[in-house]
Every structure is written in C-alpha cells, then in structure tokens.
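J.: Use the sequences and the hints to build the structure in full.
If you count the sequence shown from 1, position 122 lands on 122 in the working numbering, and the numbers rise without skipping.
Treat each hint with caution, since some may be false.
The calculated DSS-like cross-link candidates involving lysine-lysine, where the alpha carbons are at most 27 angstroms apart (straight line), are [said to hold, decoys possible]:
hint, residue 1, residue 2
1, K114, K57
2, K146, K42
3, K91, K63
4, K80, K63
5, K57, K42
6, K63, K88
7, K80, K91
8, K150, K160
9, K160, K136
10, K57, K91
11, K88, K42
12, K136, K146
13, K150, K35
14, K117, K107
15, K88, K35
16, K91, K54
17, K63, K35
18, K150, K136
19, K63, K136
20, K91, K29
21, K29, K114
22, K107, K57
23, K29, K42
24, K57, K29
25, K57, K136
26, K117, K91
27, K63, K114
28, K88, K54
29, K57, K35
No lab work stands behind these hints: they were computed from the structure.
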Amino acid sequence: MIIIRFVFAMTLLGVTLSSCQVLECGADKNAFLNKYESFIAKVDHLDLDVSSEKWSKYDAQFKTYIEDCYDYYEDDLTTKERRQFWMKTLKYYATRYGEGMINELSKKDGISEKVEKNIEEVLDATGRDLEDFINKNMNEIEDLVKDIGKDIEDWAAKLKDILQE
1 MIIIRFVFAM TLLGVTLSSC QVLECGADKN AFLNKYESFI AKVDHLDLDV SSEKWSKYDA
61 QFKTYIEDCY DYYEDDLTTK ERRQFWMKTL KYYATRYGEG MINELSKKDG ISEKVEKNIE
121 EVLDATGRDL EDFINKNMNE IEDLVKDIGK DIEDWAAKLK DILQE
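T.: Structure below.
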C-alpha cells in the first residue's frame, strides 16, 4: 500500500511539474515561440532604467525561457526558428542592458555563456546554409550576374547617348 501511494505521489508530482512547464513555456513549439515573441515585444516597450529593480521579474521570465523552455523545444526548432529566437534574445539584452549589453554578454555566468554559444552556433549554421545555397545554385547565380552586367552596360550606353545630346 505504501508503494502504491508513493507511485501515485510521484505520478502526481510529475504531472504537476509538466503542467507548470506547459503554462510557462507553451503547450507546443509554436506556442513557446509566440509567447517568447510577445514577451520580447512587451520588454521592448518598457521604459525602465537599466538599474531599475523592476527588471527582476522580467529577468526571471527571460531566464526561464532561455534555460528551461528553449532546452525543452530546441530539438523541434528549425534553423530559421533558432536564428529568430536568438536574435530576439539579443534584442532583450539590448533593451535590458543598453550600452552595457556587450559587457553583460561577456560575463561568465551560465545564461550569458549559453546565449553567446547559441548565437555562434546559429550564425555558423546560417553561414553553412548560405554556402550550400550558393553551391547548389551557382550556375543560376552566374547567369544572373551576367544578365545584370549586360543590363548595366546597356544602361551606361543609353546614359552616354543622353548625355551627348
């Protein structure tokens, strides 16, 4: 009987904790991204001094999004969604810390290191995606550049004619 109560209590605790996760982070990836976007928009409209104690509640929410929610949905996010998430994160840092943003990002605390690491990863992935796109479409890009070059030559000739008149 004690074992059954223990199992029941653990199950109840697990359900409670997971429902807290859902409430805080969102029920799915899209809800999470929408909640984070709304949070960043709200913070962007704040008119607080960087030293204001009112930041503490926003900092706590931000920390939850970065340390808990992002980890929970990270594997479900596309490269584009990750890039957008971390760019919004930079927006938070800029709004929150103003000119001290770089100093804050260079701190060796868990959250700043995580932000810096993930931004570097997203930028690397974006660069690889761009490189792959260019490699796949090199012939079309070369043709486009030739067409643009020809158009510029035509425009230059017409401009020369206009200026000589």
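J.: Now look at each hint and say whether the structure bears it out.
T.: A quick look at each hint next to the structure:
1. Restraint check: the Cα-Cα separation between K114 and K57 comes to about 20 angstroms, which is no more than 27 angstroms; the hinted pair holds.
2. Pair hint K146 plus K42 does not hold up; C-alpha atoms about 47 angstroms apart against a cutoff of 27 angstroms.
3. Simply put, K91 and K63 have alpha-carbon atoms about 14 angstroms apart, close enough for the 27 angstroms limit, and the pair holds.
4. Using a Cα cut-off of 27 angstroms, the hinted pair K80 and K63 holds, with the two alpha carbons roughly 22 angstroms apart.
5. Among the hinted pairs, K57 with K42 is consistent with the structure: their alpha-carbon atoms are about 13 angstroms apart, no more than 27 angstroms.
6. Using a Cα cut-off of 27 angstroms, the hinted pair K63 and K88 holds, with the two alpha carbons roughly 14 angstroms apart.
7. Of the pairs offered as hints, the one joining K80 and K91 holds, with about 17 angstroms between alpha carbons and a cut-off of 27 angstroms not exceeded.
8. A distance of roughly 15 angstroms separates the Cα atoms of K150 and K160; the hinted pair therefore holds under the 27 angstroms criterion.
9. Restraint check: the Cα-Cα separation between K160 and K136 comes to about 38 angstroms, which exceeds 27 angstroms; the hinted pair is violated.
10. At roughly 17 angstroms between alpha-carbon atoms, K57 and K91 fall within 27 angstroms of each other, so this suggested pair holds.
11. With a CA separation close to 12 angstroms, the supplied pair K88 and K42 stays within the 27 angstroms bound.
12. Taking the CA atoms of K136 and K146, the gap is near 18 angstroms; set against the 27 angstroms cutoff, the hint holds.
13. Using a Cα cut-off of 27 angstroms, the hinted pair K150 and K35 is violated, with the two alpha carbons roughly 49 angstroms apart.
14. Annotation: proposed proximity of K117 to K107 holds, straight-line Cα distance about 12 angstroms (limit 27 angstroms).
15. Of the pairs offered as hints, the one joining K88 and K35 holds, with about 12 angstroms between alpha carbons and a cut-off of 27 angstroms not exceeded.
16. About 18 angstroms separates the Cα atoms of K91 and K54, which keeps this hinted pair within 27 angstroms; it holds.
17. Note on K63 and K35: the hinted pairing holds, with a Cα-Cα distance of about 14 angstroms set against a maximum of 27 angstroms.
18. For the hint linking K150 to K136, the alpha-carbon distance of about 24 angstroms falls within 27 angstroms, and the restraint holds.
19. A distance of roughly 39 angstroms separates the Cα atoms of K63 and K136; the hinted pair therefore is violated under the 27 angstroms criterion.
20. Our distance criterion of 27 angstroms between C-alpha atoms is met by K91 and K29, whose separation comes to about 20 angstroms.
21. For the proposed pair K29 and K114, the alpha carbon gap of about 20 angstroms is at most 27 angstroms, so the pair holds.
22. Simply put, K107 and K57 have alpha-carbon atoms about 20 angstroms apart, close enough for the 27 angstroms limit, and the pair holds.
23. Pair hint K29 plus K42 holds up; C-alpha atoms about 20 angstroms apart against a cutoff of 27 angstroms.
24. Restraint check for K57 and K29: satisfied, since their Cα atoms lie roughly 23 angstroms apart, inside the 27 angstroms limit.
25. At roughly 47 angstroms between alpha-carbon atoms, K57 and K136 are farther apart than 27 angstroms, so this suggested pair is violated.
26. Our distance criterion of 27 angstroms between C-alpha atoms is met by K117 and K91, whose separation comes to about 16 angstroms.
27. The hinted pair formed by K63 and K114 meets the criterion: a straight-line CA distance of about 11 angstroms does not exceed 27 angstroms.
28. Restraint check: the Cα-Cα separation between K88 and K54 comes to about 20 angstroms, which is no more than 27 angstroms; the hinted pair holds.
29. Among the hinted pairs, K57 with K35 is consistent with the structure: their alpha-carbon atoms are about 16 angstroms apart, no more than 27 angstroms.
Violated hints, in rising order: 2, 9, 13, 19 and 25; the structure is consistent with all others.
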